[in-house]
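Listed below, chain by chain, are the residues.
Protein chains: 4
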Amino acid sequence: MIVITSPHIEEERIAEIVRQIENSGVQAHVSRGTDRTVIGIIGKADPHLAEHIRSMKGVENVIKISKSYKLASREFHPDDTIIEVKGVKIGGNNLVVMGGPCAVETPEQIDEIARLVKAAGGQVLRGGAFKPRTGPYSFQGIGIEGLKWMKDAGDKYGLLTITEVMAPEFVDVCAEYADIMQVGTRNMQNFDLLRKLGTINNPVLLKRGMSATYDEWLNAAEYILAGGNPNVMLCERGIRTFETYTRNTFDLAAVPVVQQLSHLPVIADPSHATGRRELVETMTKASVAAGANGLIIEMHTDPDNSATGDGVQSLFPDQFANLLKELEQLAPLCGKKFDTAKEPAEAFREWKK
Amino acid sequence: MIVITSPHIEEERIAEIVRQIENSGVQAHVSRGTDRTVIGIIGKADPHLAEHIRSMKGVENVIKISKSYKLASREFHPDDTIIEVKGVKIGGNNLVVMGGPCAVETPEQIDEIARLVKAAGGQVLRGGAFKPRTGPYSFQGIGIEGLKWMKDAGDKYGLLTITEVMAPEFVDVCAEYADIMQVGTRNMQNFDLLRKLGTINNPVLLKRGMSATYDEWLNAAEYILAGGNPNVMLCERGIRTFETYTRNTFDLAAVPVVQQLSHLPVIADPSHATGRRELVETMTKASVAAGANGLIIEMHTDPDNSATGDGVQSLFPDQFANLLKELEQLAPLCGKKFDTAKEPAEAFREWKK
Amino acid sequence: MIVITSPHIEEERIAEIVRQIENSGVQAHVSRGTDRTVIGIIGKADPHLAEHIRSMKGVENVIKISKSYKLASREFHPDDTIIEVKGVKIGGNNLVVMGGPCAVETPEQIDEIARLVKAAGGQVLRGGAFKPRTGPYSFQGIGIEGLKWMKDAGDKYGLLTITEVMAPEFVDVCAEYADIMQVGTRNMQNFDLLRKLGTINNPVLLKRGMSATYDEWLNAAEYILAGGNPNVMLCERGIRTFETYTRNTFDLAAVPVVQQLSHLPVIADPSHATGRRELVETMTKASVAAGANGLIIEMHTDPDNSATGDGVQSLFPDQFANLLKELEQLAPLCGKKFDTAKEPAEAFREWKK
Amino acid sequence: MIVITSPHIEEERIAEIVRQIENSGVQAHVSRGTDRTVIGIIGKADPHLAEHIRSMKGVENVIKISKSYKLASREFHPDDTIIEVKGVKIGGNNLVVMGGPCAVETPEQIDEIARLVKAAGGQVLRGGAFKPRTGPYSFQGIGIEGLKWMKDAGDKYGLLTITEVMAPEFVDVCAEYADIMQVGTRNMQNFDLLRKLGTINNPVLLKRGMSATYDEWLNAAEYILAGGNPNVMLCERGIRTFETYTRNTFDLAAVPVVQQLSHLPVIADPSHATGRRELVETMTKASVAAGANGLIIEMHTDPDNSATGDGVQSLFPDQFANLLKELEQLAPLCGKKFDTAKEPAEAFREWKK
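Going line by line, the protein sequences match chains G, Y, D and V. Numbered according to this note's numbering, the first sequence spans residues 97 to 449. Numbered according to this note's numbering, the second sequence spans residues 97 to 449. Numbered according to this note's numbering, the third sequence spans residues 97 to 449. Numbered according to this note's numbering, the fourth sequence spans residues 97 to 449.
Extracted from the complex, chain G is given alone in its bound form:
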């Protein structure tokens, strides 16, 4: 931590800053420049200290050199975290594919899609039972009933399941039915939710907030890790920028950046990042080339009639199967393993409009 003082600060003011620093049990190291005096702080400072010093008169800026998160950092945990659930490995050189509809609609819908995800080579079934919606009059999800249908489908076809949990009070019931808990972009800093997720064992997929920096995102992960749950994966799903042609701006460099800063697996979500079906396949491949540890992709047997309108970004089953076929060849060039899809892509064509 480095304290930059204002130009022309008086000596007694510097002395006061040094006294405050040393009172908190760390050392201060004063370095007088031509314009400004800089005070280095040596030792493990209380997270509080930076904020306290920044609010003192005569202080122009306080620059944190060490990161504010610890358990999430690569320095603390040099090896890749590999999360293992029912035999599926997430992290390291494994490539995991999560596919499914935006929302669970009917038992038949989720059963049929689960069958197709499995047949195409996916390992995880995605589907929302509780949906975060901008306005109160939009479809808000099927609720707990949908979780049950999804669990049945996952069990039947041997798929893990992932679903979004939107509030602390629903964590227990979601964790009972689904394998992986998803935190949505709007909830990345819902700290009570993060704390609650720190108390369970299910892995958590933490989506990046719409305008969250890498640092804030990793600090959000730290809330879960600090609570005792080490099974966190991060998900880049696009950020909000001035460009509105795509639903969000897919910040693919986040994948290698966060893999350097942290040991946690990074999953890419090309569906929400682009919001346009015709971009999903290309950006899935780009995600793998960027080093993503996995993908979460919307797929629907009848996207024109999806319950949430996110059909516009959902792949048809045959597109999904063909894409996974392509990943088989691409993954090894990018240091990843990816198993073969089980059925020929033609088998998926019947759903195509």
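It should be emphasised that the hints constitute simulated quantities derived from the structure, not laboratory data. Among the hints, erroneous ones may be present.
Unchecked claim - A few chain D positions that, by computed beta-carbon distances, are all more than 12 Å from chain V:
| hint | residue |
| --- | --- |
| 1 | Ile110 |
| 2 | Ala111 |
| 3 | Val114 |
| 4 | Ala124 |
| 5 | Arg128 |
| 6 | Thr130 |
| 7 | Gly188 |
| 8 | Glu204 |
| 9 | Asp248 |
| 10 | Tyr253 |
| 11 | Glu272 |
| 12 | Asp275 |
| 13 | Glu312 |
| 14 | Gln356 |
| 15 | Lys421 |
| 16 | Glu422 |
What the hints assert, rightly or not - Under the rule of at most 25 Å between Cα atoms (straight-line distance), these lysine to any residue pairs were calculated in the SDA-like manner:
| hint | chain 1 | residue 1 | chain 2 | residue 2 |
| --- | --- | --- | --- | --- |
| 17 | D | Lys163 | G | Ile105 |
| 18 | G | Lys140 | D | Ile100 |
| 19 | D | Lys160 | G | Ile105 |
| 20 | V | Lys163 | D | Gly371 |
| 21 | G | Lys166 | D | Thr130 |
| 22 | D | Lys160 | G | His104 |
| 23 | D | Lys421 | Y | Gln356 |
| 24 | G | Lys160 | D | Arg109 |
Said to hold, decoys possible - On the chain G side, residues computed to face chain Y include the following (Cβ under 10 Å):
| hint | residue |
| --- | --- |
| 25 | Asp248 |
| 26 | Gln285 |
| 27 | Gly294 |
| 28 | Asn315 |
| 29 | His396 |
| 30 | Asp400 |
| 31 | Asn401 |
In this text, a Cβ means the ideal position worked out from N, Cα and C, and glycines have one as well.
Assemble the complex: chain G is given as a structure, and chains Y, D and V must be docked to it using the hints.
Structure of chains Y, D and V alone, referenced to chain G:
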């Protein structure tokens, strides 16, 4: 609602879109252009319909002409909403000032600050008992005990109180102790929290999300209004942009824009919007000139030692008192009433460092 | 300047960094922390040095403490710059109002508008003869002929004139006809244009780039100042953000920030910042409250038929005159002088549709 | 083009809007909804018309359905543009690699780097002789002398050359020495420069402005195309967002989006997009997977001592050569051809520090 089709769409596809529209109980009006066919939807469409049509093949875009929120809109409620709490009016031509520390620290601190807020002419005491913090190791607030201290201080000096509520399960206890519930920027789309706040009677100050559009903000208000609580005020607190010199970018045009779109009072928060004490006074005056119905300003008797480090954006008591004196003259030029501060500003000087 | 090294850097690497620093004629001051070693640079470093050191191995970051601009800085020139042109003072406690159409259209149009600007109390006539347009097929301006018409109108009514210059080769001709040269937002970093403007004496109004930081903006001003032209004023005209309801996001805090960092006058442009006529009056008042040294406002006698379509953000003459009347009362509360408009606002009503 | 009127507009106002539309030679088609009346415009409207109608009273919004650029659009020119220069093809299924230093420094430097680019399999030598720099005191480039050195190096090793041109008056001299003209991000809307580039035959690489939308970018290309030069390629080099860890945010979805909207080749610049050497290799591969038609990559034999400080984002020669080796395998999986590098990567190791 207008549907824009892809160029060269086939006639049977247009017919299918029209059929889907009319099936939902509204009328379709087809207009064939040189390049594209446009289908207007006449009547009150289901909120679902836009999303459904957008996901159909042959549809390039669906443009909503009517707004997705209703109760929050100026069209629905042409007159300004005026929220009245214990004799204080918020909205219309009243200017309300909320002042106080970022966090409640001790009973003495909040009592002293309350006395000064009242003496300077403020009507509402702000103070956080539960604090949303980026990292899990930062000070998280005093908790319920702090709410009690704040209530005591408010009662003693005849001030309303406002405090942030961070999760649905804390709404009831916060509503018991504080007059106004604040929803923080990170929780603007915590829909479970919004729904819960729709079930109480206390007024709610809804801060704009860090990267929320006006439309998303008003839709968030709609969640509370639709739940049955009509007492919502909006708070512009800066948005996240590429400019990082200020803590956020203060989007002051949001004040007149939202007052046109909605009947709800708009409060400005120059402290969080700028994050720098030396800008707060100027931007408070700019907020009043922009037509704000009120202000929420951080003030601390010892900002150098504030518990959260937000001291850097807190005014000293005499700055706060002087500023309110200035607003007395400014407010009438901007169509607002503002009562005189009770004590001369010199009385506040002792807290100045 | 502070160099932050990577964790676990070897001693010889530190020595190499120190050697490179000292070779450039400044001193290095090494400070070893728990995690990282920090090297302070003492003395006036070559602007090159930071960039050179940042590219060395073992260097994690280089933080500049001193600013890269000098002539534009408040530290270099503590007093406000006051630009005086033909008796009109811009800067300090003077409030200057520039008004007129987006584009010069006909001699009659600019004559009539000039008369109204003068009558309402404005001091400067604005008008574009060369227009920067997103697409090549839009109206590109009248050209040099328009400059002459504008000069005639300015001379006739005793107004200064301001016009946009878009390329180095047009600087001389624009400077011959107009008093103040405007650099548009798209040209803020057109360095050849800036250099050329450094060689003339006419004042320059430098608009902030659509996504320019304060630092980049002041560095752009530095190009002009370093060329020998001290008469630079800055213009905040809104930045590009995710919010598209307004044409741009009006970053009004830029006014007091830049006035702290620099001695140059700051002009606000509420017309381009909002892009909506119904917001211009309110945001003009907010600009004055934020401390702006002047305003540049679009006004048109027939905005429905303006040549560029910017009519949508142009005030009608009576709105303009009324607004200036209001500024008379507001300006003194914000530390500014503003002279009375010469004619009653009713006189302007005939142009109102 | 669709005109959306304000709610409760009077009939005579609608009639006036219709009259104005029909006066300009196109047809108006009125469609009365529950809330609002919508007027469709049928026929090829003057680009002016939208702007004119938008500024009329009673008009809430005008939505353009057709694009404002024509020559750049895929609709106008369905086949991929393939630019051929001295036997090198850019566009379609060809993958072109441009490599070299940020700035030309000495004849020896550029000769040595050219040799390595060629040996590694690159086809184009990049290097700046005129450098756009934020502040006036930074290194501004070698100037024309540098162009000559670069031409000599290109001729000697059989490489095309690309260099940035910053002002209209330098277009001719740059075009004499270099094969491809680069327009930098700050000049994307320097319309005089674009117009001048429309008058030459050399291909132009048009970098996306730091905060330019796809639409503005393609309109900038339209300026060059409309001037008569059909050889335009677009370059995605990152946009400015709130995230500052990387130099810019690499908007890789721009590659497939712009390839859908336009027939022009799209080149990716992972060096400027990320600003960090350790991300360049990964993001180069992601660019190819996203479908880029080529890459422009900074490479330097001694990046620690680069003249501009952009060394921090420059690859070492062996990294560059290894990366190109990897592209050989990756390109065919992404529908692109890429020729083998000529020498083993070990040959490049001597430059590695």
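Tested hints:
With a least CB separation of 15 Å from chain V, Ile110 of chain D remains clear of the 12 Å interface cut-off, as annotated. Remark: the non-interface label on Ala111 of chain D is consistent with the geometry, its nearest Cβ contact in chain V lying 15 Å away (cut-off 12 Å). With a least beta-carbon separation of about 14 Å from chain V, Val114 of chain D lies farther than 12 Å from that chain, consistent with its non-interface assignment. Interface exclusion of Ala124 of chain D from chain V stands, the closest Cβ pair being 16 Å apart, more than 12 Å.
No Cβ of chain V comes within 12 Å of the Cβ of Arg128 of chain D; the nearest lies about 23 Å off, and the non-interface call holds. The Cβ of Thr130 of chain D sits about 23 Å from the closest Cβ of chain V, beyond the 12 Å cut-off, so the non-interface label holds. With a cut of 12 Å on Cβ distances, Gly188 of chain D stays outside the contact zone with chain V, its closest approach being about 26 Å. Listed as outside the interface, Glu204 of chain D is consistent with that label: its C-beta sits roughly 19 Å from the nearest C-beta of chain V, beyond the 12 Å cut-off.
Residue placement check: Asp248 of chain D keeps its beta carbon more than 12 Å from all beta carbons of chain V (closest about 26 Å). For Tyr253 of chain D, the condition that its CB be more than 12 Å from all CB atoms of chain V holds, with the nearest at approximately 25 Å. The beta carbon of Glu272 of chain D sits about 19 Å from the closest Cβ of chain V, which is more than 12 Å, so the claim that it is off the interface holds. No Cβ of chain V comes within 12 Å of the Cβ of Asp275 of chain D; the nearest lies about 23 Å off, and the non-interface call holds.
Non-interface status of Glu312 of chain D relative to chain V is broken: a Cβ of that chain comes within 12 Å, the nearest being about 6 Å off. The non-interface label for Gln356 of chain D is consistent with chain V: the shortest C-beta to C-beta separation is roughly 19 Å, beyond 12 Å. For Lys421 of chain D, the condition that its CB be more than 12 Å from all CB atoms of chain V holds, with the nearest at approximately 24 Å. Non-interface call for Glu422 of chain D relative to chain V: holds, since the shortest CB-CB distance, roughly 23 Å, exceeds 12 Å.
Proposed proximity of Lys163 of chain D and Ile105 of chain G is supported: the alpha carbons are some 17 Å apart, at most 25 Å. This hinted pair checks out: Lys140 of chain G and Ile100 of chain D have alpha carbons roughly 17 Å apart, not beyond 25 Å. Under the criterion of a C-alpha separation no larger than 25 Å, the hint pairing Lys160 of chain D with Ile105 of chain G is consistent with the structure, at around 18 Å. Taking the CA atoms of Lys163 of chain V and Gly371 of chain D, the gap is about 21 Å. The hint holds against a cut of 25 Å.
Only pairs whose Cα atoms come within 25 Å are accepted, and Lys166 of chain G paired with Thr130 of chain D is accepted, the gap being roughly 15 Å. Using a Cα cut-off of 25 Å, the hinted pair Lys160 of chain D and His104 of chain G holds, with the two alpha carbons roughly 18 Å apart. Among the hinted pairs, Lys421 of chain D with Gln356 of chain Y is consistent with the structure: their alpha-carbon atoms are about 24 Å apart, no more than 25 Å. Between Lys160 of chain G and Arg109 of chain D, the direct Cα distance comes to roughly 23 Å. Compliance with the 25 Å bound is thereby established for this hinted pair.
The beta carbon of Asp248 of chain G is not positioned within 10 Å of any beta carbon in chain Y (closest approach about 26 Å), and the interface hint is therefore violated. At its closest, the beta carbon of Gln285 of chain G sits 4 Å from a beta carbon of chain Y; the interface hint therefore holds under the 10 Å criterion. At its closest, the beta carbon of Gly294 of chain G sits 9 Å from a beta carbon of chain Y; the interface hint therefore holds under the 10 Å criterion. About 4 Å separates the beta-carbon of Asn315 of chain G from the nearest beta-carbon of chain Y, less than 10 Å, and the hint is met.
This hint holds: His396 of chain G has a C-beta 9 Å from the nearest C-beta of chain Y, less than the 10 Å allowed. Contact between Asp400 of chain G and chain Y, as hinted, is supported at the beta carbon level, the nearest pair being about 5 Å apart and thus within 10 Å. The criterion of a C-beta within 10 Å of any C-beta in chain Y is met by Asn401 of chain G, whose closest approach is roughly 7 Å, and the hint holds.
Going down the numbered hints, you'll see the structure goes against 13, 25, while the others check out.
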